[in-house]
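Student: Spelled out from the first residue to the last, the chains are:
2 protein chains.
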Amino acid sequence: MKNVYLFDEGSADMRDLLGGKGANLAEMTNIGLPVPPGFTVTTDVCREYMRLNRMPERLMDEVRAKLQVVEQRTGKTFGDPQNPLLVSVRSGAKFSMPGMMDTILNLGLNDETAEGMIRLTNNPRFVYDAYRRLIMMFCDVVLDIPKRGFEERFEALKHGLGVEQDTDVPADALFELIGVFKSYAREQGAEFPMDPREQLAMAIEAVFRSWNNERANVYREREKIPHDLGTACNVQSMVFGNLGDDSGTGVAFTRDPSTGEKVIYGEFLVNAQGEDVVAGIRTPLHLSELKPMMPAIYDEFLQIADRLELHYRDMMDLEFTIERGRLYMLQCRVGKRTGRAAVKIAVDRANEGLISREEAVLGVNPVQLDQLLHRQIDPNAISTGDYPELAQGLGASPGAASGHAVFTAARAVELATEKPVILVRPETNPDDVKGMLASKGILTARGGMTSHAAVVARGFGIPCVAGCEAISVDDERRLFYAGNQTIREGDAITIDGATGKVFLGTVPTIEPELSNELNVLLTWADEFRRLRVRANADNPEDSEKAIEFGAEGIGLCRTEHMFFGDRLPIMQEMILASDESGRRAALAKLLPFQREDFIGIFEVMSGKPVTIRLIDPPLHEFLPDHETLLREVIMLEVANSDSPALIEKRRLLKRVEDLRESNPMLGMRGVRLSIRFPEIVEMQTTAIIEAAIEVKRRGKEPIVEIMIPLVGHVNELKIVRDYLESVAQDVMAKAGVKVDYSFGTMIEIPRAALTADEIAEHCEFFSFGTNDLTQTTFGFSRDDAEGKFLDIYVQEKILPENPFVSLDRNGVGRLVKMAAEYGRRIRRHIKLGICGEHGGDPASVEFCHEVGLDYVSCSPYRVPLARLAAAQAALRYRVSVSEDK
Amino acid sequence: MKNVYLFDEGSADMRDLLGGKGANLAEMTNIGLPVPPGFTVTTDVCREYMRLNRMPERLMDEVRAKLQVVEQRTGKTFGDPQNPLLVSVRSGAKFSMPGMMDTILNLGLNDETAEGMIRLTNNPRFVYDAYRRLIMMFCDVVLDIPKRGFEERFEALKHGLGVEQDTDVPADALFELIGVFKSYAREQGAEFPMDPREQLAMAIEAVFRSWNNERANVYREREKIPHDLGTACNVQSMVFGNLGDDSGTGVAFTRDPSTGEKVIYGEFLVNAQGEDVVAGIRTPLHLSELKPMMPAIYDEFLQIADRLELHYRDMMDLEFTIERGRLYMLQCRVGKRTGRAAVKIAVDRANEGLISREEAVLGVNPVQLDQLLHRQIDPNAISTGDYPELAQGLGASPGAASGHAVFTAARAVELATEKPVILVRPETNPDDVKGMLASKGILTARGGMTSHAAVVARGFGIPCVAGCEAISVDDERRLFYAGNQTIREGDAITIDGATGKVFLGTVPTIEPELSNELNVLLTWADEFRRLRVRANADNPEDSEKAIEFGAEGIGLCRTEHMFFGDRLPIMQEMILASDESGRRAALAKLLPFQREDFIGIFEVMSGKPVTIRLIDPPLHEFLPDHETLLREVIMLEVANSDSPALIEKRRLLKRVEDLRESNPMLGMRGVRLSIRFPEIVEMQTTAIIEAAIEVKRRGKEPIVEIMIPLVGHVNELKIVRDYLESVAQDVMAKAGVKVDYSFGTMIEIPRAALTADEIAEHCEFFSFGTNDLTQTTFGFSRDDAEGKFLDIYVQEKILPENPFVSLDRNGVGRLVKMAAEYGRRIRRHIKLGICGEHGGDPASVEFCHEVGLDYVSCSPYRVPLARLAAAQAALRYRVSVSEDK
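These protein sequence lines map, in sequence, to chains H and V.
Going by the numbering used here, the first sequence opens with residue 12, and the numbers climb by one from there.
Going by the numbering used here, the second sequence opens with residue 12, and the numbers climb by one from there.
It is worth saying that the hints were derived from the structure and are not from the lab.
One thing to keep in mind: the hints can contain errors.
It does not matter which identical chain is used: a pair holds within one copy or between any two.
To be verified - Below, in silico cross-link-like pairs of lysine to any residue (SDA-like), each with a Cα-Cα straight-line distance of 25 Å or less:
1. K158 x M304
2. K808 x I837
3. K235 x P853
4. K729 x D802
5. K729 x P237
6. K799 x F688
7. K745 x M61
8. K347 x R839
9. K665 x L801
10. K808 x R687
11. K828 x V862
12. K302 x P523
13. K273 x V862
14. K729 x L801
15. K729 x R62
Construct the entire structure; sequences and hints are all you get.
Tutor: Below, the structure written as structure tokens:
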């Protein structure tokens, strides 16, 4: 087996084996670009290393053989004091992990070769500088002696000399520093090896070892890169950008990575090593300034950049070094870019005829669109300085929101009826949900991206800044501190859930809009996708937003949201009524409200389907919190055992206790509620059908889909559907107008999926509620799992990812697939969709495409993302199917 | 299609079509027994009636044709005043439903035929009595005018005459009563029809209608009889047991239905109609007393009884009437019996060579064994004199029960949710069934061993004392008198359904033991069954009980039970510890306790497998209740804001709140706990292995199976298993002794079943936790569902039965089957079992046999039941497989 490849033995399509960097160095070499000679040790070796926990035998023999070729090509010899070859050793995995793994430069220097180099270059300062860098990097990366100790010693030296810049330190001082570094390493129990071959063997091993360091692991977690890929290791002859003013080093993008504009965008430093640009120690110059300085080099570079963009069919990220007036390419890779740039580049390049529309659609990561589609802080407002930035936390749920600070969920509910509020909490828990829903935004001092606050906020599309440790919340005194500022209840603040920033005052915001390029890209996407995309929307405003973003219907309209706000007292009256007639009296008051809601939604969605879910949550969610009430009752009891207030509170507490459940998630909700209190869904159905009739009268075209939640046994569906059919028929008979409607059910508990054949006989559509289905299939309560054990599970790789974020294919997915098959077996054209957070997750959208669902539904702001993801799934599936043939 | 069958056109194997009663009347007719001629309208007609909601056309033509044959055979003519034929009309479904549906006697009487009958019999009293009974029954059953109005009028008449017994009312008064009854019916808006053919048509329809009355529905629910079978309707020429002292009527069992002894057991009344015996209005005579009164009839009856037992190969329940010295058989069916009798009869009959051992094993309903394994009154408790004996009645259904006295069925249903109740009634009727089922025991003042109360109680295995004439029940004032004592609603009483004794207070009871016959039957069962039977036991005592009842191992040893009692403070110390070392210190104290527990269990179970489940429940279950604690803290806060007690309580409250979960069922428990706090299961594994080593040293043979609960993803299992394997190896290395052990997992959440192939790679056995699996598959929290919506679901037939009692085949069963298949595909000999309540339910045991599990595990007391059910499943499956061939 071949473990080591010279650059001219590889190619760009060997990324698996050579890593991205190695494959691209090979590709550039083969198309004739000026690449310093070198070779790549394969990822196979890394995997072997991880298995053996030591380097494979005889590997170094192979390395030495390739090194000899490099020696021939460069005319230098590794370790030869007369004409020493120096090399760099760098990691390079299949997927780019910038700065995540380790690099060592100038390998091959020792006391003897350093002197040889000085004889050749006549530049002792340069050589000693390279040597001291090597010792520091080597000790840090290979010998595990942190850089800091070396840096401190260098700082001390500079202080003693009275100089500021590294470049001002003279050669003899650097020579002295080399001695200091070597003895410091010795003090730390290690010895910098003088034998270049030993240096090389140790460095290669260190690169492989670095695959499993913490930074790399964290990065892979975030980027969803499998942990078992391993990295390759690239050994390349050194070129130096720090050999004087005719030398330099830089990085460039073939287009602007921020805006996507078609201008080369780069930075460089004269007389510097490559690491200096990346590290940001000296402020680099704009690439255009190279033109007057080295016009020939500049032109050569532009030509290379053009050629590479054409060759790779994408915007590229390049690294180069100029050594004594000669240009060398050290790296090229597909360039990272902002969402905005990604869209523009893809559309521009397709329009330029450089790539196809399919490639343009496949070339934008849907997740990047998220940045573009939420209400944003107006940058002009910030630049006025009128809105001081208070703190920065994690951008946990994108979007900007302003409101008055409140410090408890109860107070949020109370004040929200009067004015917008931002709920500020140390952290949130399930008891706070009511208050969270009532708020325009949420700010917490503790908790990460999967904390309760973050998850709930994202689920409901409420902007959220989480884990803002720069603030200190005192909820008892109703205030928080940020720096030397104190913000009290009622003070206006603004949060930016995208950037995590918190501002004082009500910062003007701007509505997101689809840019022209994005619109074009999505129109192309629409041509390729098979999956339809709907939105979750509970009111006319959200419905409008959904249409604007391209939704083809509403996949989930949650009716219970219509029972909060000023309707809450009527809802509570209904719940507290002692008998059915009392409940009916309250429901009669709610009917006109619900009807108006539906009229508004049907008008906006005319001609498009609207799936309305009947009441779902347990009734206690509409009543005051149990613990608060209990406290009040006890306090009243202590004060006066007979007050009328106490009697009233006790009555309320009694009812709350009647409704309380050990496991509300698995309790009296969904269709169970409809069976116990059919009058509630009777009212809802009446409101839906009356609204449809009214909208039809107005000349619009309502398409009504009534959805019964939480069905587990076909009989639940049958009973409720039969009853509501008769209600609908009565309403239509009374009005003398017929409207089309259909009935369907959520498939959100395992038994529904397992018996989907029976269920399909009695409904026209299924909507997979994969959030609840994930909870029951895993036996995870989301409220409890996240923040308690789920984080640990994801961190420790017990689960490949959070199944609430990305649909679990092996378990939950198996049920979805089964239900889709069973359903279609009985009712060939049953409509199948998914609603909930997974509908806005690209991997989950791809799964929905694969199992042949008809649509996905997600929050309006995620509709563009879902459109793109659906198109990509269709294109990829087409590719993978044709590959199978 | 033939809708009506003469008795001689049918046979015993036509139960589906003719119902049980009709098929048996046909069979008796065909073997030459004296059965009054008649015919049966088929169950097909009933189903047709239910579909059409009216009687099928032309049915009555067919009825009239068969009626003509009956007229020929009896020499009488229906509706002919000269020689009128009278008939009875009775329901008769495939499965016996005693007293559940309606019957009308003496049909064919009207003003004219009544006079004709008088001319023939010269007995106006008898004829008018029959006529008034017909009117009353017909009005009640057909015209929906409740009996009560007629009874009141009869009572008023008797009062006016100054007589007590019905038999003392003279003919002319009865004639007058007939007029009163007819005008009462007219007042109620109905007319008793004079046309006998109209009477017959209406009566047949009423029988079919009665299939769907409430009593019948409740009965079918409980007995699991499908609702769509329908009943047949039997029309039979009347014979009269009330034509004087040479007439009579009675019921008998071919063996004692209570003890199973081989003696004919029956009761009769002279000069009475059949309904009088069943209704329990007059207390009947023992059958043996018939011998001196009518020796020839007695002998004839004994011969018939013997012949029927031989013919039907089972103990039979017979009804007969003697009309003027002539014996008629009116009904025969397989006799209901107590569990004790069922076992004895089956074993005796097999030993007598009348049936095979297979038939004996199949002939006992496993549920009936439950009665035998119920607790009995502790004789030592009685001898203390602390529990006065109140009265003695008939031991009508064995078993001892204590509870609070209640006096109406409705009240029984109401109170039974809070506490055990004993239903005390003068006598019972079918309307009381729901209340009877809700009670722990039944006590009646009137009625014999075949009274309604006795039959129903035996059928359902509820202890019952009937005919306790020593007490006087006043159900309006909610009390009963016994001697000079008054027992009111809510007072505790105890009944002994074996001896018929009634005690004041809650008398202690003792453990049951296996009778010789039961031991024999179970030994036979063991030969036939394939499924192994284990017991759930958490301590040496239960393990001993399990062995005694025939358990072949322990299928579930719940270790957390070992953390309560005097160990609870240490457990709490562990939970409240602030770090791992604190937890380890507490665990070190628990270790010796757990080791001792395991030593005890392994010793008892030597040579048999013991499955030990590692800690499962959430930790907050070991801490004080949140609400109680909260109350205490608030009270302390009000009293003194700074007391040390308050600080301590607050600390505890804080920890309880940390551990509290919104849905503990889906939270931090099972393997999740093991991953978070591996030190707990490390201690448990150490205790298990050390105990096994110690027991092995003592010369016994421990077979250890360590079970990891609540696995949902294979990685959970892998991590915990790998860790515990190393713990086990360490313990064994330290002791220098090796013991065998294996690891397995519970399959109790859907994802485990869906990915059982992945999971099987890492464990040696699966134990299906079907209680939790039912909760998650249905999305039902058992704590919340039962008592809230599940009862409604079962009552209203939304679910065919409570899935926690009998395993849901379509949903949960599908997962179990899938997991068993997946598991075996990967690991051919993986051991598969089920633990939990379903392991003791016969239908669920049959399911486990069908899907090929290796064992079921249930409470020690249900082990005999499971052994029998497993054998029956094997025998039935053998039969059904060979039938398929």
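Student: So, for every hint listed, does it hold in this structure?
Tutor: Okay, the hints, checked on the actual structure:
In this assembly of identical chains, the alpha carbons of K158 and M304 never lie at most 25 Å apart, being 35 Å within a copy and 117 Å across copies at closest. Proximity of K808 and I837 under a CA criterion of 25 Å is satisfied inter-copy only: 24 Å between copies versus 39 Å inside one chain copy. In this homomeric assembly, K235 and P853 come within 25 Å of each other (Cα to Cα) only inside a single copy, at 13 Å, whereas the closest approach across copies is 49 Å. In this assembly of identical chains, the alpha carbons of K729 and D802 lie at most 25 Å apart only when taken from different copies (18 Å versus 40 Å within one copy).
For a Cα distance limit of 25 Å, the shortest separation of K729 from P237 across copies, 19 Å, qualifies, whereas the shortest one inside one copy, 46 Å, does not. Taking the shortest alpha-carbon separations for K799 and F688, only the inter-copy value of 13 Å comes in at or below 25 Å, while the best intra-copy value is 35 Å. Taking identical chains as interchangeable, the C-alpha atoms of K745 and M61 are never at most 25 Å apart, the minima being 75 Å within one chain and 31 Å between chains. Within a single copy, K347 and R839 get their C-alpha atoms no closer than 45 Å, and across copies no closer than 50 Å, so neither meets the 25 Å cut-off.
Within a single copy, K665 and L801 get their C-alpha atoms only as close as 35 Å, which misses the 25 Å cut-off; across copies the closest is 22 Å, which meets it. Only between protomers do K808 and R687 lie at most 25 Å apart by alpha-carbon distance; the minimum there is 14 Å, versus 43 Å within a single protomer. Proximity of K828 and V862 under a CA criterion of 25 Å is satisfied in both settings, with 6 Å inside one chain copy and 24 Å between copies. Within a single copy, K302 and P523 get their C-alpha atoms no closer than 38 Å, and across copies no closer than 102 Å, so neither meets the 25 Å cut-off.
Neither within a single protomer nor between protomers do K273 and V862 lie at most 25 Å apart by alpha-carbon distance, with minima of 40 Å and 66 Å respectively. Taking the closest pair of Cα atoms, K729 and L801 come within 25 Å of each other only across two copies (17 Å); inside a single copy the shortest separation is 37 Å, beyond that limit. For a Cα distance limit of 25 Å, the shortest separation of K729 from R62 across copies, 19 Å, qualifies, whereas the shortest one inside one copy, 58 Å, does not.
Hint violations for this structure: numbers 1, 7, 8, 12 and 13, all remaining hints satisfied.
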